[in-house]
Amino acid sequence: MIMIYVAIAMVMMIKVVDFQNNVCYHFFVRLNKGDLKMKQTKKEMTIEFYQSQPDSNTENNDGQIIVSYTSIYNKLPTVVIWNARMRGHKPTYHYSFKTVEERQTFIDSQKAIHARDNAACKARFAEAAKESEKIQVGSIFYESWGWEQTNINFYEVVERKGMFVKIQEIGSDVVSGSHAAMSGTKMPNRSVRIGEVMRKKINPKFANVKIREFGYSSLWDGKPKSFTCYA
Numbered sequence: 005m006i007m008i009y010v011a012i013a014m015v016m017m018i019k020v021v022d023f024q025n026n027v028c029y030h031f032f033v034r035l036n037k038g039d040l041k042m043k044q045t046k047k048e049m050t051i052e053f054y055q056s057q058p059d060s061n062t063e064n065n066d067g068q069i070i071v072s073y074t075s076i077y078n079k080l081p082t083v084v085i086w087n088a089r090m091r092g093h094k095p096t097y098h099y100s101f102k103t104v105e106e107r108q109t110f111i112d113s114q115k116a117i118h119a120r121d122n123a124a125c126k127a128r129f130a131e132a133a134k135e136s137e138k139i140q141v142g143s144i145f146y147e148s149w150g151w152e153q154t155n156i157n158f159y160e161v162v163e164r165k166g167m168f169v170k171i172q173e174i175g176s177d178v179v180s181g182s183h184a185a186m187s188g189t190k191m192p193n194r195s196v197r198i199g200e201v202m203r204k205k206i207n208p209k210f211a212n213v214k215i216r217e218f219g220y221s222s223l224w225d226g227k228p229k230s231f232t233c234y235a
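Quick note: the sequence shown uses the numbering used here, first residue 5, plus one each step.
Hints in this document: simulated from the structure, not taken from any laboratory.
Keep in mind that a hint or two might mislead.
Within a straight-line C-alpha distance of at most 30 angstroms, the following computed DSS-like cross-link-like pairs (lysine-lysine) qualify [what the hints assert, rightly or not]: (1) K170 - K227; (2) K165 - K102; (3) K115 - K79; (4) K134 - K115; (5) K138 - K115; (6) K229 - K115; (7) K204 - K227; (8) K165 - K205; (9) K126 - K102; (10) K138 - K229; (11) K94 - K170; (12) K115 - K209; (13) K126 - K46; (14) K134 - K47; (15) K126 - K115; (16) K204 - K138; (17) K170 - K134; (18) K79 - K138; (19) K79 - K94; (20) K165 - K115; (21) K102 - K170; (22) K204 - K134; (23) K134 - K102; (24) K115 - K170; (25) K209 - K138; (26) K138 - K102; (27) K79 - K46.
Estimated spans, in silico, between C-beta atoms of each pair [claimed, not checked]: (28) A123 - D177: 40 to 48 angstroms; (29) F53 - A88: 15 to 23 angstroms; (30) F53 - T189: 25 to 33 angstroms; (31) Q55 - Q140: 48 to 56 angstroms; (32) E52 - F168: 53 to 61 angstroms; (33) D177 - E200: 33 to 41 angstroms; (34) G226 - S75: 51 to 59 angstroms.
Backbone N, C-alpha and C fix where the C-beta goes; we use that ideal spot for every residue, glycine too.
Please take these sequences and the hints and turn them into a complete structure.
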């Protein structure tokens, strides 16, 4: 009986043991980094499954994955699409069509929508990057958060170094409504300091900083912010 053991590093060792003749052989094979394939994600395995179907064709449209194939179940032209910002393994679209032409029309329409959305995102990110440059000492962020009510908190930037800022929570004044009325609007009050100074990283895609695990704060636009609460 012969048993084979394989150990993988940057050099692969293959150990062959011949128990009948009581002989052990070692073989060494040098590997390139590209030979070490990492564990596949569920999305990658799903894409590969559809790529294995009859008449499959795959397109990577600027991050949008499109796999067209012929269904083995209904024998119809079929397409599976994952939009670029989809994190899960399930496709955004999975449709069958009566003709190849109908399928292609649908694919072309999705490509056009993807191109439009990408252009809008790039423009929005470019604008946010400009806004990020405006963040300086004295800038104010506001945070809107809560469960079944809307809490408003304000934070002032006290220091900026590169893409990091130090911020401190400041107070607020109710300018309309009241807590007794369970709704109203607030404005920041710089004269009131709350808690310790915090160091946060600026997110240049949205010109904001993450205060809590469940939300982000935005640059204050100078307008009163609405709140709700229980009496």
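message: Need the status of pair K165, K205: alpha-carbon distance at most 30 angstroms?
response: 10 angstroms, holds
- prompt: K204 and K138: Cα distance at most 30 angstroms?
  reply: Given that 30 angstroms is the threshold and the Cα spacing comes to 16 angstroms, the pair holds.
query: Between K138 and K229, is the straight-line Cα distance small enough, at 30 angstroms or below?
result: 21 angstroms, holds
message: Hint check: K94 vs K170, CA-CA at most 30 angstroms. Holds or violated?
response: 40 angstroms, violated
- prompt: Between D177 and E200, is the Cβ distance one that fits in 33 to 41 angstroms?
  reply: Cβ of D177 to Cβ of E200: about 22 angstroms, so the range 33 to 41 angstroms is violated.
message: Next pair to validate is K170 with K134; report whether the Cα-Cα distance is within 30 angstroms.
response: 20 angstroms, holds
message: Hint check: K79 vs K138, CA-CA at most 30 angstroms. Holds or violated?
response: 57 angstroms, violated
query: Taking the CB of F53 and the CB of A88, does the distance hold inside 15 to 23 angstroms?
result: 20 angstroms, holds
- prompt: Given the hint that K165 pairs with K102, does the C-alpha gap stay at or below 30 angstroms?
  reply: 59 angstroms, violated
query: Between K165 and K115, does the CA-CA distance stay at or below 30 angstroms?
result: With Cα atoms ~41 angstroms apart, K165 and K115 exceed 30 angstroms; violated.
field: 30 angstroms limit on alpha-carbon distance, applied to hinted pair K134 and K102
entry: 48 angstroms, violated
- request: Below or equal to 30 angstroms on CA atoms is what counts here, so check K79 against K46.
  value: Given that 30 angstroms is the threshold and the Cα spacing comes to 26 angstroms, the pair holds.
When held up to the earlier numbered hints, the structure conflicts with 2, 5, 6, 9, 11, 14, 18, 20, 21, 23, 24, 26, 30, 32, 33 and fits the remainder.
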